[in-house]
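Q: Take a look at the letters that make up each chain.
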Amino acid sequence: MNTAEWINTVEYKELNFARKALVVNPTKACQPLGAFFCASGFEGTLPYEHGSQGCTAYFRNNLARHYREPFPAVSDSMTEDAAVFGGRANMIEGLKNANDLYKPKMIAMCTSCMAEVIGDDLKAFISNARDAGSIPASLPVAPAHTPSFIGSHITGYDNMLLAIVKTLSEGKYKDGDRNGKLNVIPGFDAHIENIREVKRYMSMMGVPVTVLADNTETFDSPLSGHYEMYHGGTTLAEAGDSVNAIGTISMQAYASAKTVKEFGAEYGQKTAEFNYPMGIAAFDSFLMKVSEMTGMPIPASITDERGRALDAATDAHQYFHGKRFSMFGDPDVMLGLARFIMEMGGEPVHIVSTNGTKKWEREMQALLASSPYGSSGTAYPGKDLWHLRSLLVTEPVDMLIGDSHGKYAAKDAGIPLVRIGFPITDRVNLHRYATLGYKGTMNLITWITNAFLDELDRTCDDAHFELLR
Amino acid sequence: MKTTEVKGFIDELLKAYPDKARKNRASHIAVKETAPETGGETAEPSCSTCAIKSNVKSIPGVMTARGCAYAGSKGVVWGPIRDMVHLSHGPVGCGYYSWSTRRNLAQGKPGVDNFVPFQFTSDYQEKDIVYGGAQKLEDICREIKVLFPEAKGISVQSECPIGLIGDDIEASARLMQKELALPVIPVRCEGFRGVSQSLGHHIANDAVRDHVLGKGKLPDPGPYDVAIIGDYNIGGDAWASRKIIEELGLRVVAMWSGDGQIETMKLTHMVKLNLIHCYRSMNYIARHMEEEYNIPWMEYNFFGPTKIEASIRAIAARFDKTIQDNAEKVIAKYRPAMDAVLAKYKSRLDGRKVMLYVGGLRPRHVIGAYEDLGMDIIGTGYEFGHADDYQRTFPQVKEGTVIYDDVTEYEMEEMVKKLRPDLVASGIKEKYVFQKMGFPFRQMHSWDYSGPYHGYDGFPIFARDMDMAVNSPTWKLVKAPWA
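Heads up: the protein sequence lines correspond to chains A and B, in order. If you read the first sequence in the working numbering, its first letter stands for residue 1, the second for the next number, and so on. If you read the second sequence in the working numbering, its first letter stands for residue 1, the second for the next number, and so on.
Here chain A stands alone, though its shape is the one from the complex (with noise of 0.2 Å):
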């Protein structure tokens, strides 16, 4: 047998199972592109790397190029003497630079692998840089320690998240006196339509929101002939006041449950975590949180759309009834994909997330033991795309759902893959789709549907060609 038909056997899957230190192909970025893509959702914000230049060089072109939009950031690029003697130096004459050419509101700023290494101590620099003059007392600068060599870019986004609320929210707190706002934290969302579906919901309700972290802006900027360098985001004076809003809603409770903690321990608030509600019953799960938090009701628009996205579903759910599917990324969003799929009728197979915790995998095995349809389901928590890769092949499914990576396997598998997730390098616009609520499940739907469709019709002989699908 040559090498092409062995790693196609199951032989192969279990020595490829059995591997305990190579990592090929995994799911998961590092901290920092989590919290540069956190810092980008708030107004006049610069997104600023405390380490060396090439990572900053990466995580800008990664972003770019997924969205197809500018990205704007710096680092103090350190270099080899930096590396001896710490980055202060760097700092110092870095914040001094960025403040007087880029003029920003806000710093937010994170850690290379290299400053952690080395122990440099952001909160002391950034202070020795006000002494030194580099910036102004007002200016805000936001701390965040994003060691890559721990968790992976939802937990960037969660610690640079709440090094922004903290910051911004120093001396704002008004114990018990809450402003009526709702906080609305998206987490890593590569769909940003998700987060202008969200506010346009509430804004049905009635309900005023802050939404922490808002980049639609950010990375869906009109062609106007002019470029501004901050479009958007979140403003300062909100994000600050974010600490006495009556509540917390994230929609991705493992991108931000330092956040979410925070929130509810320090300043009281009620805390809601969902698990990217995709599909229609867990977005009624939210929509309906939202009514419980601020005691406003569902309006009878909202029901209506709800009722042409069951529609959708309905008129779909015979092209998913029983269809097998993989899926990979994030372990909230396979947590929303996983549920969707089995709303539809369809199974969940293999299901990985390299970043998915223990905790996740029991998760995740309990909502597909909560249906029929998940009984096929296994989580892989800690798994990467070859070892996907070897399920595809040994345990078929007809369909992978992820992100732009998953191509390589599917191919091998020969089967269609729909992209949703981070980052989508190869399609266009998707981002500016919604994958949440009930527009975002008529998407999903008219996605996932199509695409098996578009193969049938392009594998399938004469005589099966037919006009009606």
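Hints are not guaranteed to be accurate.
Said to hold, decoys possible - Below 30 Å or equal to it, Euclidean Cα-Cα: the simulated DSBU-like pairs (lysine-lysine) are:
(1) B:Lys353 x A:Lys261
(2) B:Lys7 x A:Lys103
(3) A:Lys105 x B:Lys417
(4) A:Lys105 x B:Lys418
(5) B:Lys178 x A:Lys13
(6) B:Lys53 x A:Lys103
(7) A:Lys105 x B:Lys20
(8) B:Lys127 x A:Lys358
(9) A:Lys105 x B:Lys57
(10) A:Lys13 x B:Lys353
(11) B:Lys417 x A:Lys103
(12) A:Lys103 x B:Lys479
(13) B:Lys152 x A:Lys20
(14) B:Lys418 x A:Lys103
(15) B:Lys178 x A:Lys20
(16) A:Lys289 x A:Lys166
(17) B:Lys152 x A:Lys13
(18) A:Lys270 x A:Lys359
(19) A:Lys407 x B:Lys152
(20) B:Lys398 x B:Lys307
(21) B:Lys479 x B:Lys353
(22) A:Lys323 x B:Lys109
(23) A:Lys123 x B:Lys20
(24) B:Lys145 x A:Lys411
(25) A:Lys407 x B:Lys145
(26) B:Lys178 x B:Lys127
(27) A:Lys103 x B:Lys398
(28) B:Lys7 x B:Lys353
(29) A:Lys105 x B:Lys15
(30) B:Lys109 x A:Lys411
(31) A:Lys199 x A:Lys181
(32) B:Lys307 x A:Lys20
(33) B:Lys127 x A:Lys258
(34) A:Lys103 x B:Lys23
(35) A:Lys13 x B:Lys109
(36) B:Lys109 x A:Lys407
(37) B:Lys127 x A:Lys20
(38) B:Lys23 x A:Lys105
None of these hints come from the bench; they were simulated from the model. Computed from a predicted model, the values in this text were never measured in an experiment.
Based on these hints, arrange chain B on the given structure of chain A.
A: What follows is chain B alone, placed relative to chain A:
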């Protein structure tokens, strides 16, 4: 715009910087000038090697486009070698961000005998940072041997923490090389080394020199043996280049490193001539082969018919009459096709102004291709060039051309606003900034997901792409009719 005017404007834009940064940045920007006393002959600006400062640290806190040594080694030099596993050694990010993003096309079956579109990582965790990862690295090598039996070697691409925590990857590599009977090559390309990608290229070249070169024997060396050095096969470039070289009657023994193989790279010390496309990233190994094996090397340029023809003749001049006759035949064969390209596109692009900002060889090598299309280069610069790059560039550009080194995004924006090129040709980080401003743009690292751009196969695609960018009907819609 007059040269003095351009200079004045540059002085003005630099005023936005704090003093120290302003002085630093001023030394990285020059305007090509003609010395009046030589009666219009092109003179090198005041001092040919120091007119523009280069290959020094970027100033902290600004948007430099530069990457790091790891990017230069794993991303550029090693990554395209298809029959090896390239391990991003350290935390997960570096390998993730550089995963299949340079478009180094390669033959072979992924996962069997082609490992280019992969992200192999040791995914360092906190415990590895604290206790060191030697054991982990060794286990990884063993697992690679089991799971990827056709891999002909492993390169260990160090990320920042490796050098900082003091892991002895050389010792692990030696141990594994012996145990697995497989080349295991440690590369000290930690991202904090040097000032840009450039040192990473050098470090990678040195590792190739120490661990690959000369390790094999070409069974049938011949008089026409050459190697292609510094072509990374972006969008199929190296295949387009190889085709021309083979049509000349030469034998390409090895490709460095686009669609490359360690199995053939190790024979390169037996070729008769090294042909270098990207001088910046691979001159080191060519110089080494010259010193150690007496193999001459020459630079060539396969962008656009004028440079292709000149390069073909220059390459052929290194060989006998057979090859020289072939050269004329090849040129004659492709001339009609190239003329057809020019007939189609030149009138659509004639006189259009281009600003370039790229890395490696392109800030000078693509000038000829644009000029073939009648386009004018009004600015160009390198992310990580050295003095020898700028020396090679000044003679290629016209008076008044702005030359910038490690330009910041702020400077580039201001210059584009002022100089108003018809096309900006740079990278992904710049692309959308200028498109938002309404300027047509092409990515010149990745060919904007097109290509090849090299050789006779590439020029028609290059011409089409520049035309479709500059003349896209979408640009006519930038201003809303009611605004």
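Q: For each hint, tell me whether it holds in the structure or not.
A: Each hint, compared with the structure:
Annotation: proposed proximity of lysine 353 of chain B to lysine 261 of chain A is violated, straight-line Cα distance about 56 Å (limit 30 Å). Between lysine 7 of chain B and lysine 103 of chain A, the direct Cα distance comes to roughly 25 Å. Compliance with the 30 Å bound is thereby established for this hinted pair. With a CA separation close to 24 Å, the supplied pair lysine 105 of chain A and lysine 417 of chain B stays within the 30 Å bound. With a CA separation close to 27 Å, the supplied pair lysine 105 of chain A and lysine 418 of chain B stays within the 30 Å bound.
A threshold of 30 Å between alpha carbons decides the hint, and for lysine 178 of chain B with lysine 13 of chain A the separation of about 27 Å falls inside it, so the pair holds. Using a Cα cut-off of 30 Å, the hinted pair lysine 53 of chain B and lysine 103 of chain A holds, with the two alpha carbons roughly 27 Å apart. Pair hint lysine 105 of chain A plus lysine 20 of chain B holds up; C-alpha atoms about 23 Å apart against a cutoff of 30 Å. Distance restraint check for lysine 127 of chain B and lysine 358 of chain A: the Cα-Cα separation of roughly 18 Å lies within the 30 Å cut-off, and the hinted pair is therefore satisfied.
Straight-line distance between C-alpha atoms of lysine 105 of chain A and lysine 57 of chain B comes to about 27 Å, which keeps the hinted pair within the 30 Å bound. The suggested pairing of lysine 13 of chain A with lysine 353 of chain B is violated, with an alpha-carbon distance near 56 Å, which exceeds 30 Å. Between lysine 417 of chain B and lysine 103 of chain A the CA atoms are separated by roughly 19 Å; this keeps the pair inside 30 Å, and the hint holds. Annotation: proposed proximity of lysine 103 of chain A to lysine 479 of chain B holds, straight-line Cα distance about 28 Å (limit 30 Å).
Of the pairs offered as hints, the one joining lysine 152 of chain B and lysine 20 of chain A holds, with about 22 Å between alpha carbons and a cut-off of 30 Å not exceeded. A hinted pair counts as satisfied when its Cα atoms are at most 30 Å apart, and lysine 418 of chain B with lysine 103 of chain A qualifies at roughly 21 Å. A distance of roughly 22 Å separates the Cα atoms of lysine 178 of chain B and lysine 20 of chain A; the hinted pair therefore holds under the 30 Å criterion. Between lysine 289 of chain A and lysine 166 of chain A the alpha-carbon distance is near 25 Å, which keeps this suggested pair within the 30 Å criterion.
Our distance criterion of 30 Å between C-alpha atoms is met by lysine 152 of chain B and lysine 13 of chain A, whose separation comes to about 22 Å. The hinted pair formed by lysine 270 of chain A and lysine 359 of chain A meets the criterion: a straight-line CA distance of about 23 Å does not exceed 30 Å. Among the hinted pairs, lysine 407 of chain A with lysine 152 of chain B is consistent with the structure: their alpha-carbon atoms are about 25 Å apart, no more than 30 Å. Taking the CA atoms of lysine 398 of chain B and lysine 307 of chain B, the gap is about 17 Å. The hint holds against a cut of 30 Å.
Note on lysine 479 of chain B and lysine 353 of chain B: the hinted pairing holds, with a Cα-Cα distance of about 21 Å set against a maximum of 30 Å. Distance hint between lysine 323 of chain A and lysine 109 of chain B is fulfilled; the C-alpha atoms sit about 29 Å from each other, no more than 30 Å. Among the hinted pairs, lysine 123 of chain A with lysine 20 of chain B is consistent with the structure: their alpha-carbon atoms are about 25 Å apart, no more than 30 Å. Taken as a hint, the lysine 145 of chain B and lysine 411 of chain A pair is honoured in the structure, with Cα atoms around 25 Å apart against an allowance of 30 Å.
A threshold of 30 Å between alpha carbons decides the hint, and for lysine 407 of chain A with lysine 145 of chain B the separation of about 25 Å falls inside it, so the pair holds. Taking the CA atoms of lysine 178 of chain B and lysine 127 of chain B, the gap is about 27 Å. The hint holds against a cut of 30 Å. Annotation: proposed proximity of lysine 103 of chain A to lysine 398 of chain B is violated, straight-line Cα distance about 36 Å (limit 30 Å). Between lysine 7 of chain B and lysine 353 of chain B, the direct Cα distance comes to roughly 18 Å. Compliance with the 30 Å bound is thereby established for this hinted pair.
Only pairs whose Cα atoms come within 30 Å are accepted, and lysine 105 of chain A paired with lysine 15 of chain B is accepted, the gap being roughly 21 Å. Straight-line distance between C-alpha atoms of lysine 109 of chain B and lysine 411 of chain A comes to about 12 Å, which keeps the hinted pair within the 30 Å bound. Straight-line distance between C-alpha atoms of lysine 199 of chain A and lysine 181 of chain A comes to about 12 Å, which keeps the hinted pair within the 30 Å bound. Restraint check for lysine 307 of chain B and lysine 20 of chain A: the C-alpha separation of about 52 Å exceeds 30 Å, so the hint is violated.
With a C-alpha separation of about 22 Å, the suggested pairing of lysine 127 of chain B with lysine 258 of chain A holds against the 30 Å cut-off. Restraint check: the Cα-Cα separation between lysine 103 of chain A and lysine 23 of chain B comes to about 20 Å, which is no more than 30 Å; the hinted pair holds. Our distance criterion of 30 Å between C-alpha atoms is met by lysine 13 of chain A and lysine 109 of chain B, whose separation comes to about 18 Å. A threshold of 30 Å between alpha carbons decides the hint, and for lysine 109 of chain B with lysine 407 of chain A the separation of about 14 Å falls inside it, so the pair holds.
Between lysine 127 of chain B and lysine 20 of chain A, the direct Cα distance comes to roughly 15 Å. Compliance with the 30 Å bound is thereby established for this hinted pair. Straight-line distance between C-alpha atoms of lysine 23 of chain B and lysine 105 of chain A comes to about 26 Å, which keeps the hinted pair within the 30 Å bound.
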